[in-house]
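Going left to right, the sequence shown walks through residues 131 to 247 as the working numbering numbers them.
Bear in mind the hints are in silico, worked out from the structure with no lab data behind them.
Even glycine gets a Cβ: it sits at the ideal position worked out from N, Cα and C.
Treat the hints loosely; a few may be bogus.
[To be verified] Simulated restraints on C-beta separations:
(1) Ser214 <-> Gln239: 21 to 31 Å
(2) Asp139 <-> Pro177: 20 to 30 Å
(3) Glu213 <-> Arg163: 17 to 27 Å
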Amino acid sequence: METGPRSLDGINALITGAAVRVGRSIAEALAARGVNLALHYHSRREPAEALAARVRSAGRRAETFAADLAEPAQALALAERAESRLGPIDVLILSASEYPERPPATVSQEDLERTLR
Numbered sequence: 131m132e133t134g135p136r137s138l139d140g141i142n143a144l145i146t147g148a149a150v151r152v153g154r155s156i157a158e159a160l161a162a163r164g165v166n167l168a169l170h171y172h173s174r175r176e177p178a179e180a181l182a183a184r185v186r187s188a189g190r191r192a193e194t195f196a197a198d199l200a201e202p203a204q205a206l207a208l209a210e211r212a213e214s215r216l217g218p219i220d221v222l223i224l225s226a227s228e229y230p231e232r233p234p235a236t237v238s239q240e241d242l243e244r245t246l247r
């Protein structure tokens with residue numbers, strides 16, 4: 131019986147919201163298991179590029195892609211560009227969200243709706 135971490139060598143994953151927070155942590159964990167990464171970001175290019183550089187320095191493939199996922203055409207183009215650079219996407223992880231950076235008690239209903247959109 132296998133007890134250690136399973137290799138996912140060669141699998142391609144597209145992770146939305148990969149530049150920061152949970153998306154970044156997921157990307158780092160998958161890269162450690164051998165997954166090639168398509169890293170989506172909306173406005174945080176620098177952290178996405180830094181993550182891609184770390185993944186590449188560990189010997190894995192990583193590509194970054196900007197897209198506004200609130201726009202259906204951009205979401206579709208993201209998937210198409212990711213597949214054209216990495217090959218077929220085996221895993222899709224939806225981690226993108228708009229995160230209000232203030233105390234939870236001050237978050238409005240509109241903020242919550244934007245986060246879930």
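Against the structure, the hints come out as follows:
| no. | hint | verdict |
| --- | --- | --- |
| 1 | Ser214 <-> Gln239: 21 to 31 Å | 39 Å, violated |
| 2 | Asp139 <-> Pro177: 20 to 30 Å | 26 Å, holds |
| 3 | Glu213 <-> Arg163: 17 to 27 Å | 21 Å, holds |
In terms of the numbered hints stated before, the structure departs from hint 1 and from no other.
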